[in-house]
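A.B. asks: Single-letter residue listing:
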Amino acid sequence: MAISKEQVTHVANLARLSFDDAELSQFTDQMSEITDMFNELQAVDTTDVEPMTHVVDLVNVVREDVPAPADPEERKALLANAPDTEDGYIKVPAIFNNGEDSAE
Amino acid sequence: MNFFDNDLTTIHNQLVNQELTSYDLTKQTIDALKETDKTIDAFLTLDEANALATAKAIDEKGIDPDNLFAGIPIAIKDNIMTKGLRTTAASKILENFTPVYDATVMEKIHANDMVVIGKTNMDEFAMGGSTENSAFKTTKNPWNTTKVPGGSSGGSAAAVSAGMVPFTLGSDTGGSIRQPASFTGVVGMKPTYGRISRWGLIAFGSSLDQIGPFSRSVKDNAALLNILVGVDKRDGTSVGDHDADFTAKLDAGVKGLRIGLPKEYLGAGVQQEVKDAILAAADKYRELGAIVDEVSLPHSKYGVAAYYIISSSEASSNLQRFDGIRYGVRAKDAKNLNDVYVDSRTQGFGPEVKRRIMLGMYSLSAGYYDAYFKKAAQVRTLMRQDFANIFKDHDLVLGPVAPTTAYGIGEDVSDPLTMYAGDVLSVPVNLAGLPGLSLPAGFADGLPIGMQIIGQSFDEATIYQAGYAFEQATDFHKQVPTLGGNN
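Chains A and B, in that order, are what the protein sequence lines are.
Per full-length UniProt numbering, the very first residue in the first sequence carries number 1; after that it's consecutive.
Per full-length UniProt numbering, the very first residue in the second sequence carries number 1; after that it's consecutive.
Rather than coming from a laboratory, the hints here were simulated on the basis of the structure.
Watch out, some of these pointers could steer you wrong.
Said to hold, decoys possible - With a straight-line cut-off of 30 Å between C-alpha atoms, the simulated DSS-like cross-links for lysine-lysine are:
id, chain 1, residue 1, chain 2, residue 2
1, B, 83, B, 108
2, B, 61, B, 137
3, B, 61, B, 34
4, A, 5, B, 374
5, B, 284, B, 108
6, B, 263, B, 301
7, B, 249, B, 392
8, B, 108, B, 233
9, A, 76, B, 478
10, B, 335, B, 301
11, A, 76, B, 92
12, A, 76, B, 249
13, B, 284, A, 5
14, B, 56, B, 108
15, A, 76, B, 284
16, B, 83, A, 91
17, B, 332, B, 301
18, B, 263, A, 91
19, B, 249, A, 91
20, A, 5, B, 56
21, B, 56, B, 92
22, B, 275, B, 233
23, B, 92, B, 34
24, B, 38, B, 61
25, B, 249, B, 263
26, B, 92, B, 61
27, B, 233, B, 263
28, B, 478, B, 137
29, A, 5, B, 34
30, B, 38, A, 91
31, B, 332, B, 392
32, A, 76, B, 335
33, B, 233, A, 76
34, B, 56, A, 76
35, B, 255, B, 233
36, B, 284, B, 255
Unchecked claim - Among chain B residues calculated to face chain A with C-beta under 8 Å, some are:
id, residue
37, 98
38, 340
39, 384
40, 388
All values derive from a computational prediction rather than experimental measurement.
Where a beta carbon is used, it is the ideal one built from N, C-alpha and C, also for glycine.
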């Protein structure tokens, strides 16, 4: 079952990645080969087999949602990792397409 | 300081008897390491000033004779959070990232007064088996510098193999501790899933990831695992007590132990010298009084397919957090929010990481979920049952770690399917959540061969027991590389 370039483009969009034409061709070929390998699993009879998504028997671990005191030094260190900040906030570009500072 | 000839107990005694200070040990370690690393490229970041200051403080406090690890150097894989020390996961997207907290294992390392020397190279986000997927450098195998050290914890394995440090930490999602240990001739443990808190480990495949120790000997490995384990309220999947003693059964021998040798692990595709070494190890165990017979893991041949579906699916979700907003590298020319996401991720991730994200996203997407993710999760159940069947009347499973010895740098990197196929003997352990140890079992053309001892959940002690008996009866672990030369 070969994967098409359109499918790869669709998945790339979901993954928030973009590829140029050469990369798209390469990824399409490689993903087709790899998913062919994945298809070997179809040979296994899994009738009535429960899927296993985790190794340990998980129980929800809950605690009271109590805010812990914020350490100003830690806040400073966290913000130092952000690509862009202003007045103690993380700064991002305009969310809509009309460019920065658009009020529309 | 030479970590080839001095085991942990020897160094500890020198520190306790004040024949050596932690400061001098640290200084000598760093001086020698800088020289060796010109050839090996095991390190991404050295923390010289802090390491020396820590060692000095430990000396001033006095070495605790009851703490084997006081003043002992260690290096850490670069996907484990180290407060104040750059942590990149060998990715451009985290090139300038400095954690504001320590991983739980780092708190334990510090509480035991170990001296953190630096951070080791790896495949980007732990995806790969050669360290060639690092965004920064390719680590060389100390036994032959034209060969890969394995991966993804290749820097951690090579650093111990080359005698630069006595201990390192790695992480293992599908073989990333055991396979590089095998390729470089050192001891590496992937503990039972849940043994060690994953809090502060940069997530790849959350149902598979485990942190574990590298060392030069089985005994030292068991001792280090002792201080790393225990339930952690910050990791809801962590289990087990803090006082487990993995060294307790080291001297018990293997008389009467029942060891299974899966026929699938010695089949087609496994290098002849690797098979021979494992069969020789099986004979050694018989000689030492163990009962070794053939067993079967009938679904193990589906392990690679199931593993790459499950681990990539989990990775595609885990790596959504890298969006160029709160930390990491943000694409400079992005004009709107969507461009920030797409451009930062496209520029920040390397090709293998993108491939895994794409495979995972595809396996989870509408119309494919049942055929891929669900099917893989069902096969995972069958693989766990295969092991459970063997453990009904066996204590341990023995086999190779990898089908081959270390391959050449550049040989496989452009062909993902060939790379993935090399994981066939290591991924079943992760899928089943079991502990697995890699230790030296021979050589082929001057390159180490590793053998894998797999145990039941939370029975690392029996694995170490068998590993130690083998080590005492052989001298493979005493061989050392003449760096870069012909062995």
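A.B. asks: Each hint: holds or not?
C.D. replies: Outcome of the hint check:
no. : hint             : in the structure
1   : B:83 with B:108  : holds, 13 Å
2   : B:61 with B:137  : violated, 38 Å
3   : B:61 with B:34   : holds, 28 Å
4   : A:5 with B:374   : holds, 25 Å
5   : B:284 with B:108 : violated, 37 Å
6   : B:263 with B:301 : holds, 11 Å
7   : B:249 with B:392 : holds, 21 Å
8   : B:108 with B:233 : holds, 14 Å
9   : A:76 with B:478  : violated, 49 Å
10  : B:335 with B:301 : violated, 48 Å
11  : A:76 with B:92   : holds, 23 Å
12  : A:76 with B:249  : violated, 48 Å
13  : B:284 with A:5   : violated, 54 Å
14  : B:56 with B:108  : holds, 19 Å
15  : A:76 with B:284  : violated, 58 Å
16  : B:83 with A:91   : holds, 24 Å
17  : B:332 with B:301 : violated, 45 Å
18  : B:263 with A:91  : violated, 58 Å
19  : B:249 with A:91  : violated, 56 Å
20  : A:5 with B:56    : violated, 59 Å
21  : B:56 with B:92   : violated, 34 Å
22  : B:275 with B:233 : violated, 43 Å
23  : B:92 with B:34   : holds, 23 Å
24  : B:38 with B:61   : violated, 34 Å
25  : B:249 with B:263 : holds, 28 Å
26  : B:92 with B:61   : violated, 39 Å
27  : B:233 with B:263 : violated, 41 Å
28  : B:478 with B:137 : holds, 29 Å
29  : A:5 with B:34    : violated, 47 Å
30  : B:38 with A:91   : violated, 40 Å
31  : B:332 with B:392 : violated, 58 Å
32  : A:76 with B:335  : holds, 26 Å
33  : B:233 with A:76  : holds, 26 Å
34  : B:56 with A:76   : holds, 29 Å
35  : B:255 with B:233 : violated, 39 Å
36  : B:284 with B:255 : holds, 12 Å
37  : 98               : holds, 6 Å
38  : 340              : holds, 6 Å
39  : 384              : holds, 6 Å
40  : 388              : violated, 12 Å
The earlier numbered hints that this structure contradicts are 2, 5, 9, 10, 12, 13, 15, 17, 18, 19, 20, 21, 22, 24, 26, 27, 29, 30, 31, 35 and 40.
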